[in-house]
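Below, each chain spelled out in residue letters.
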Amino acid sequence: MIKRRFAYQAPSTLDEVLAALAEHGADAEVVGGGTWVVPEMTHGARMPAHVVDLRNAGLAGVTESNGGLSIGAMTTYAELANDSRVVERAGSLGTMAAGITGGAQVRYQGTVGGSACYATPSSDAPGALVGLDATMNLRSASNSRAVAASDFFKGAFEADLADGEVLESITLPAPMAGARFGHYKLKLVESSWPIATATCVVGVDGEGKITAARLAVGGVNTKPYVVDTSSIVGGPIDGGAAAAVVEAARSSATDPYSDVLASGEYRQQVSGVVAKRALLAAA
Amino acid sequence: MTNSIRLNLTVNGEARSVEIDPRRLLVEVIREELELPGTHIGCLTGDCGACTVERDGQIIKSCLALAASAEGSEITTIEGLAENGELSTLQQAFWDEYGFQCGYCLPGMLFSAKDLLAQNASPSEDEIRHAINGNLCRCTGYDTIVKSIAEAAARTA
Amino acid sequence: MLASTELQEGRAIAATEAPAGGYVGARETKHNGDLFLTGRAAYFNDIVLPKMSHAAVLRSPHAHARIKSIDASAAEASAGVLATLTGAQIKEHTGPIPFFIDPAVFGGKTRDNFPLAVDKVLMTGQPVAAVVAETAADAEAALDLIKVDYDVLEPILEADDALKDGAPIINDGWDDNVVITLPFVEGDAEAALAEADHVIEDTFEMHRLSTQPIEPRGNMAVWEKDGSLTFYGSIQNPHPLRLHLSQALGVSESAIRVIAPFVGGGLGLKMHGHPEEALVCVLAKIVGRPVKWLEDRRETLLIGGIEQTHRFKVGFNNDGQIVAIHNRIVANVGMLGSAPGWGMAFLSALGFPSGYKVPVTDVSVQVVSTNKGIWNATRGYGKQGTNVVIERMVDLVARHLGMDRIEVRRKNMIEKDEFPYATNSGLNIDSGDYHAALDKLEELLDYEGLKREQAKLREEGRYLGIGITFELTPESADIPGTIVGGFDSAQVKMDPSGNVTILSGVTTPGSGNDTGLAQIVADEVGVTIDRISVIQGDTDTCPYGFGNYSGRSIVSGGNSAVLAARDIGEKIRGGAALLLEAGDEDIELIDNLARVAGAPDRAIPIAAVAETIYTLNFAIPGIPEPPLESTRVYKPDNIRHTPDEKGRIQPYPTYSYAMHGVVVEVDPETGAVDIKRIGIVHDCGTMINPLFIEGQMAGAMVMGLGNGMSEELKYDEKGTPLSTRFKAYLMPRAGDVPAVELVHQITPSPFTLLGTKGAGEAGVGGGMSVIANAVDDALAPLGVTIRELPVSPPNVLKAIDEAGSNGGRG
Ligand SMILES: Cc1cc2nc3c(=O)[nH]c(=O)nc-3n(C[C@@H](O)[C@@H](O)[C@H](O)COP(=O)(O)OP(=O)(O)OC[C@H]3O[C@@H](n4cnc5c(N)ncnc54)[C@H](O)[C@@H]3O)c2cc1C
Ligand code: FES
Ligand code: FES
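Chains as they are written, first to last, in this note's numbering: chain A, 1 to 283; chain B, 1 to 157; chain C, 1 to 810.
The hints are simulated quantities; they were obtained by calculation from the structure and are not laboratory data.
It is possible that part of the hints are untrue.
[Claimed, not checked] Lysine-lysine pairs mimicking DSBU-like chemistry, simulated, CA-CA at most 35 Å apart:
1. C:285 with C:109
2. C:714 with A:154
3. C:676 with B:147
4. C:456 with A:209
Just so it is clear, the structure is predicted and the values come from calculations on it, not from any experiment.
Can you build the whole structure from these sequences, using the hints too?
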């Protein structure tokens with residue numbers, strides 16, 4: 001049982017959630033799927049006086065929006081992986097979701113919003129969202145704002161999220177013409193956190209030439225970064241393009257993250273490899 | 001603020017209502033308040049899977065959930081897998097193929113297997129291994145668990 | 001409250017006829033499997049006692065510090081708290097925790113370990129205070145209120161640092177940080193190395209591991225109204241623990257009852273000597289209520305093992321014959337605890353030169369105490385240290401000479417007609433046919449085909465590796481002067497309705513020896529297995545025994561059950577002979593019947609014989625005497641405790657062995673290792689139940705592969721553990737390994753009644769050695785030599801870089 005006493009509520013609207021958070025400020029903790037925050041409370045790493053559960057607030061689900069998608073913050077990995085619109089318009093996000101470890105259990109329980117808000121470098125969603133050029137839609141009792149995913153992730157365990165603010169949804173732009181998706185995740189073994197991930201969207205024309213490309217690497221730096229892919233536009237997805245992204249990905253791995261599983265040096269070393277493999281997966 | 005709350009659930013087909021401290025994890029309520037200790041605790045971090053149960057048709061790790069968040073849901077535990085005293089095909093296959101040694105991981109393995117077979121009636125070995133990746137077993141090396149699940153699939157076919 | 005008999009009793013539903021050929025050797029399923037499958041098997045955490053209270057332990061955040069003062073007054077006043085206890089008070093309540101194996105028995109240093117640190121802490125996580133409260137949450141909340149004033153000292157974490165001249169001495173009263181140095185010398189190694197055609201000098205580092213059964217530890221104590229103590233725990237050795245609790249607490253052994261319910265995996269971790277065992281007893285006395293302590297996984301992960309460095313020279317001739325081994329082992333046992341872990345270092349040295357005929361060996365191990373966590377036994381009990389390093393040596397020799405590693409093994413292994421074979425360290429290996437096992441492995445793997453495939457893939461820039469290793473597993477130890485006992489006992493009872501109860505001194509941490517015992521007894525007394533119950537793990541009801549370790553359960557427990565069951569069988573035969581008017585020797589007992597051999601219609605139910613013996617004993621003259629009960633002990637042969645002329649003893653009756661072959665592919669860009677195949681040829685003598693042997697082997701192998709590939713207890717520079725959950729201590733999952741392909745070979749032990757050898761540990765060392773050799777083989781073209789475990793992707797990539805290649809990362 002969690003040692004610190006708290007009051008629990010699971011409001012049935014987002015407005016009530018926001019009001020509760022406004023009232024309790026830093027004393028309140030939001031629970032999404034709970035897969036991070038509940039064990040942290042169990043082990044005393046977080047001791048909120050108020051727990052606000054989002055489960056009844058209607059934040060789950062995927063809808064179409066302007067040719068792209070709007071993903072509710074409480075959408076689980078299982079829902080993402082099984083949604084045909086996600087597979088079509090943001091394939092790398094579906095691959096990412098299906099590749100979350102911890103078994104079907106964690107894919108049924110964990111949410112994409114929870115992962116984003118937690119912002120640990122050793123996670124899959126941040127890199128995938130930056131790779132897809134997602135926008136994070138935030139709400140508080142007094143304000144609402146939209147932040148680009150690449151700005152939302154500010155550092156290790158640091159998201160642009162104020163006390164009292166909730167991530168309501170994530171919007172993904174319409175994919176570029178002829179879009180193909182690639183996602184690659186490196187972990188040490190099945191039990192491990194992700195060590196480095198790469199997500200790639202490339203537009204390919206009728207002749208197999210790259211018309212536009214966006215590639216992001218997660219897990220390597222303290223926050224996901226976008227790799228400069230300008231040099232591969234105009235050519236095919238081939239060994240030359242792969243070599244170019246290896247270089248580009250490695251040269252941007254300047255702020256590497258270290259943890260018990262892998263040093264920053266190792267992450268730097270493999271940054272190019274994951275980038276290359278994500279690109280080739282899109283071929 | 002330390003007041004207990006009332007939790008209403010359907011557990012193994014039976015309506016149950018218990019008074020709980022909101023600090024309780026779902027696994028604790030299942031084991032202690034509902035007196036169904038067949039669901040095990042191995043880590044309380046979501047890693048081992050021994051606490052796996054079914055909630056509203058989906059398997060979850062019950063150490064990752066506040067009990068309060070299960071209000072109104074339907075829960076199945078290992079105690080609810082047999083019907084009228086008869087082991088299910090899956091349970092019987094785990095017995096016949098020696099799908100457990102110490103048995104501590106068993107509740108989780110059974111539910112992960114059940115979830116897989118509900119979606120894929122004849123899984124490959126790789127698919128079975130993937131499906132139990134969320135559950136640790138330190139005794140079997142997984143071989144006999146994989147065989148048990150394959151055998152259950154074969155018997156149901 | 002659950003009665004003890006309910007805890008470990010179970011009955012099969014099916015089976016009314018014995019398998020053709022008997023139960024022994026049959027692939028019998030778990031006799032009480034339904035209990036587990038329906039969630040009714042009770043483990044420690046399922047025991048609920050009236051008025052049960054809960055303990056939580058405050059642990060040192062420093063690896064090395066003096067405790068200046070502790071103030072628990074705020075905790076004492078906190079909600080729900082019943083009592084607090086600090087190190088300053090502990091000596092009033094208990095003596096030091098007796099060592100499971102005291103280094104002093106072998107001439108080493110020792111220390112007093114109290115359940116709570118008295119004045120100095122030697123590891124992060126060492127208990128310094130405890131709280132008992134109405135709920136575990138209240139107890140934990142109160143821990144936050146205890147103020148401890150520490151004088152923080154510089155931690156010494158690495159063994160080499162602890163050995164430096166002038167290194168601070170961490171144990172008060174010691175003159176250095178060495179617990180003991182144990183030499184095993186045969187011949188003059190310097191001279192033999194000088195004469196050898198070749199000498200390789202190298203090092204190997206084995207990292208810090210942990211066992212981590214999925215059920216953590218837990219203890220509960222209650223002082224009964226009559227002043228006696230009942231102790232419940234997830235433990236492996238009830239009777240020996242009773243002795244140690246009695247010694248620590250100053251309570252007569254006869255006033256202590258130790259109960260071990262079903263255990264969710266032991267693997268060595270649950271051998272006792274841990275602080276929390278005596279602690280719950282003391283706390284229960286103070287609060288006058290049952291006190292329960294349940295381990296959190298972060299606490300389980302404080303306990304390590306194995307960490308050791310080998311600095312060796314191996315001398316060999318042009319024909320591949322290994323002529324001398326010189327090896328200096330330094331083992332980092334962390335804080336010297338009372339649990340039996342440190343003794344693993346002993347075994348790592350004792351085991352050389354494994355199953356190879358190396359004439360000259362000079363091996364010694366220095367056991368060093370540091371400020372890392374304590375060791376406890378980890379399945380394999382140090383034999384993995386020998387196994388990994390000797391198997392690396394053999395591969396180094398093969399590579400140096402350009403010989404096939406299989407040929408080098410063939411050349412050096414003990415021949416089948418040389419058994420029993422006395423090794424350099426004084427061991428007496430019972431029996432085996434290592435060469436035949438190697439042949440079988442070659443065939444199983446299609447070794448030549450694999451080598452061709454490897455050559456082809458190498459041309460494509462892919463790195464397939466084949467690892468081959470031999471593993472010798474001395475089992476069922478008896479160490480004189482300690483509670484590591486080689487014998488065990490069993491009681492077999494038949495009631496008037498013909499049902500049989502086996503009470504055993506060995507325990508089952510899930511290995512299935514309870515079913516094995518039932519099989520053995522079923523054959524001997526002729527009843528079907530559904531009529532047999534097995535009770536283990538209760539010192540009040542079971543005969544004296546040592547519990548579970550060292551693959552001993554069937555060797556000592558099983559054979560004692562045979563003897564006891566034979567006594568019962570004899571009485572039934574005697575009774576049946578009288579009732580059927582036949583000779584005793586003509587009666588056969590099978591399928592619950594006593595029948596006259598060759599005359600199947602002259603039969604009587606065994607139950608009827610039993611009932612007659614109990615109810616008509618005065619009426620029928622000559623009928624065997626009741627009760628139908630027998631308690632017997634079995635002492636295996638081959639153990640020799642009188643030292644030979646070199647002072648060596650022979651603590652093991654049996655030596656099972658295995659040949660392992662693993663195929664891996666290494667990703668040279670990331671260092672990731674993909675295991676493609678696992679092949680094993682295993683010989684543990686007579687098999688009571690092949691299903692269980694296979695289960696033990698697959699489990700041990702996968703554990704060994706995890707130990708070798710990904711598991712590691714890491715610390716930061718202050719000595720704070722970093723591997724605090726299963727996302728940092730990486731145990732294998734189903735997707736990490738392929739199926740185990742296992743072939744049995746059977747050479748019964750001449751030294752045990754049924755010919756069984758120990759099973760259960762083999763595979764752990766094998767998994768570690770074979771993955772090391774496989775990765776080494778895969779990366780040979782890049783000039784890599786594997787000198788450390790685990791072969792995790794970062795370590796593999798580092799090895800590739802150090803060999804001067806960058807694995808194609810551009
Ligand atoms: C066994 C296991 C395996 C895992 N494997 C992976 C893996 O492979 N890859 C990976 O990336 N992750 C993995 N995870 C981490 C997993 O917890 C997250 O991926 C999950 O998505 C978190 O979502 P959640 O809804 O459960 O978060 P919660 O625990 O509910 O919340 C996480 C944090 O975000 C806050 N929060 C949640 N939702 C919102 C919101 N809408 N607005 C504002 N704040 C919010 C919470 O207050 C909390 O601080 C694993 C976890 C476990 C237990
Ligand atoms: S106890 Fe829930 S996953 Fe381990
Ligand atoms: S059977 Fe023991 S953990 Fe799986």
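Cross-check of the supplied hints:
Simply put, residue 285 (chain C) and residue 109 (chain C) have alpha-carbon atoms about 32 Å apart, close enough for the 35 Å limit, and the pair holds. Of the supplied pair hints, the one linking residue 714 (chain C) and residue 154 (chain A) holds, its CA atoms being roughly 28 Å apart against a limit of 35 Å. Among the hinted pairs, residue 676 (chain C) with residue 147 (chain B) is consistent with the structure: their alpha-carbon atoms are about 18 Å apart, no more than 35 Å. Simply put, residue 456 (chain C) and residue 209 (chain A) have alpha-carbon atoms about 34 Å apart, close enough for the 35 Å limit, and the pair holds.
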